[in-house]
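Once you've looked at the hints, dock chain B against the given chain A.
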Amino acid sequence: MSTLTGEFRLLFWAILGVIVPFGLLLCLLPGQTAVYWAWVIPHPRSALLIGAAYAGAIAYYVLALRMNDWRQVESGMGGLVLFCLVLLFATLMHWEAFRPYHVTTLVWLMFYYVGPFLVPILSRLQQSRAGVLNFEGTPDLSSAWRLWLIARGFLYLTVALAGLVFTTRLTAAWPWPIDALELRVFMGQPAIIGWNAVVVVRDGVTWRRYRLGLVLTGAIGLVQLIGLVINSTPYDWSRPLGVLLPVVFAEWCLTSLILHLRYRS
Amino acid sequence: MFIQFGVRLIGVVYLVFGVVGFLPIDLINPIHHEGVGARYLFRLIAVNWLHNAVHAGIGLSGLWAAQTVGRAQQWGKVCGVVLLALFVIGMVQAFLEGLPADQALLGLVPLNSPGHVLHFVTGGIALYLGLSRSHLKT
Chain A
341 MSTLTGEFRL LFWAILGVIV PFGLLLCLLP GQTAVYWAWV IPHPRSALLI
391 GAAYAGAIAY YVLALRMNDW RQVESGMGGL VLFCLVLLFA TLMHWEAFRP
441 YHVTTLVWLM FYYVGPFLVP ILSRLQQSRA GVLNFEGTPD LSSAWRLWLI
491 ARGFLYLTVA LAGLVFTTRL TAAWPWPIDA LELRVFMGQP AIIGWNAVVV
541 VRDGVTWRRY RLGLVLTGAI GLVQLIGLVI NSTPYDWSRP LGVLLPVVFA
591 EWCLTSLILH LRYRS
Chain B
125 MFIQFGVRLI GVVYLVFGVV GFLPIDLINP IHHEGVGARY LFRLIAVNWL
175 HNAVHAGIGL SGLWAAQTVG RAQQWGKVCG VVLLALFVIG MVQAFLEGLP
225 ADQALLGLVP LNSPGHVLHF VTGGIALYLG LSRSHLKT
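Protein chains in written order, with my numbering: chain A, 341 to 605; chain B, 125 to 262.
Read the hints as simulated data drawn from the structure, not as lab findings. Here the structure is a predicted model, which means the values were calculated and not measured. Mixed in with the good hints there might be a few duds.
Going by beta-carbon spacing under 7 Å, a handful of chain B positions derived as facing chain A [stated by the list, open to error]:
{"no.": "1", "residue": "Leu223"}
{"no.": "2", "residue": "Ala225"}
{"no.": "3", "residue": "Leu229"}
{"no.": "4", "residue": "Ile249"}
Some chain A residues well away from chain B (every beta-carbon gap over 12 Å; in silico) [unchecked claim]:
{"no.": "5", "residue": "Asn408"}
{"no.": "6", "residue": "Leu428"}
{"no.": "7", "residue": "Met450"}
{"no.": "8", "residue": "Val454"}
{"no.": "9", "residue": "Ile461"}
{"no.": "10", "residue": "Ile570"}
{"no.": "11", "residue": "Leu599"}
For glycine and all other residues, C-beta sits at the position ideal for the given N, C-alpha and C.
Here chain A stands alone, though its shape is the one from the complex (with noise of 0.2 Å):
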């Protein structure tokens, strides 16, 4: 049986209870994050670069309650105690920008400190009740798309390495002013697309498991543009990153839209 416990289920709905107004707040008032965010986020751009991956995660978990199945959500997990534990880096990290009582950071907190410390107690009690997953009859990916995600999530993976120690030198690089803090945050997302190269070396190459993980980068790539383009605040294409930065996010839209097309049926 690969249902969803009904724990997941109820993490999944709480994290849906986060993400949803972070994304709403952080995509739709990106300029006053002096109001109702953990720290006064200084330009709008990094409030929508933050807050896409809060929009972009509402598909996966809408998507992941709706299908209700295991099989499809196992691989993503991991992903998401990374995602947590790079954030809990980027906060200890900048901890005397907080706002230390503020209701966001409360959240904020609670959200990162869950992340590693239920989803594998969780994951546990699943693979417990699933036993061993049955992918029968379900497509396998190429050798040519396997590679290609691999490279590029390690490629990600050493990004957002370099983005969490190098972090004073891509600010000077970065295409708006942008702060440490925003950035470190930031490589939460480049983080969890490396993940899908783990995925595909540990999994193997069955389709089904890589399907929500790429709606998920899938759809943060096309929030991200979309804050790109309707943000009006300077944006320096001079910048060494003023061109990558765009280039970047559309292959993260363009990966997974390719590989649903190829392998939807």
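Below, chain B alone, put in the same frame as chain A:
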């Protein structure tokens, strides 16, 4: 068995927190001179030697309890209630004191909001593990 696994996980994390908290290394545990003068474990959670010892005690007892399901569940109930009570007491004290960055519980144990939330999350999970009947079905 996920209950034992969960208790072991919480135990390991608390033991690591307890041990690392004793390291007087500013890069990992910088001193926060304002407030109650505590160190910030992993730059985040206000601690002193007593707080570290309590963390280590929780960790060691969790690792011991995780050896059997029955003990793990008992540990989950006790630790869950204690940690959740600590969260409530800490938050009430913080509100009464005007939400300072750091506070001292009973004048002895430094606390701050990342610590409160850690108590809440781990206490909630421990209590869930303690009260869970799911192992009967698996």
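ask   = Taking 12 Å as the cut and beta carbons as the points, is Val454/A off the interface with chain B?
value = 6 Å, violated
message = Given Ile249/B as an interface hint, is its Cβ closer than 7 Å to any Cβ of chain A?
response = 5 Å, holds
inquiry  = Just want to verify: Ile461/A was marked as not at the interface with chain B; is every Cβ pair farther apart than 12 Å?
reply    = Check fails; 4 Å does not lie beyond 12 Å.
ask   = Is the Cβ of Met450/A farther than 12 Å from every Cβ of chain B?
value = Answer for Met450/A: violated, closest chain B Cβ roughly 5 Å.
inquiry  = Hint Leu223/B vs chain A: min CB-CB distance below 7 Å?
reply    = Hint holds; Leu223/B Cβ to chain A Cβ min 4 Å, cut 7 Å.
key: Status of Leu428/A, Cβ more than 12 Å from any chain B Cβ   = The claim is violated: Leu428/A sits with its nearest Cβ about 8 Å from chain B, within 12 Å.
ask   = Ile570/A: least C-beta distance to chain B exceeds 12 Å?
value = Per Cβ check, Ile570/A is outside 12 Å of chain B; nearest 34 Å; holds.
message = Would the non-interface assignment of Leu599/A survive a Cβ cutoff of 12 Å against chain B?
response = 33 Å, holds
ask   = Was the hint right that Ala225/B lines chain A, CB cutoff 7 Å?
value = 6 Å, holds
task = Return the status of the interface hint for Leu229/B: holds when the least beta-carbon distance to chain A is below 7 Å, violated otherwise.
result = 16 Å, violated
task = Decide, holds or violated, for the assertion that all CB atoms of chain B are farther than 12 Å from the CB of Asn408/A.
result = At about 18 Å from chain B, Asn408/A clears the 12 Å cut-off, so the statement holds.
The structure does not agree with the numbered hints 3, 6, 7, 8 and 9 stated previously, though it agrees with the rest.
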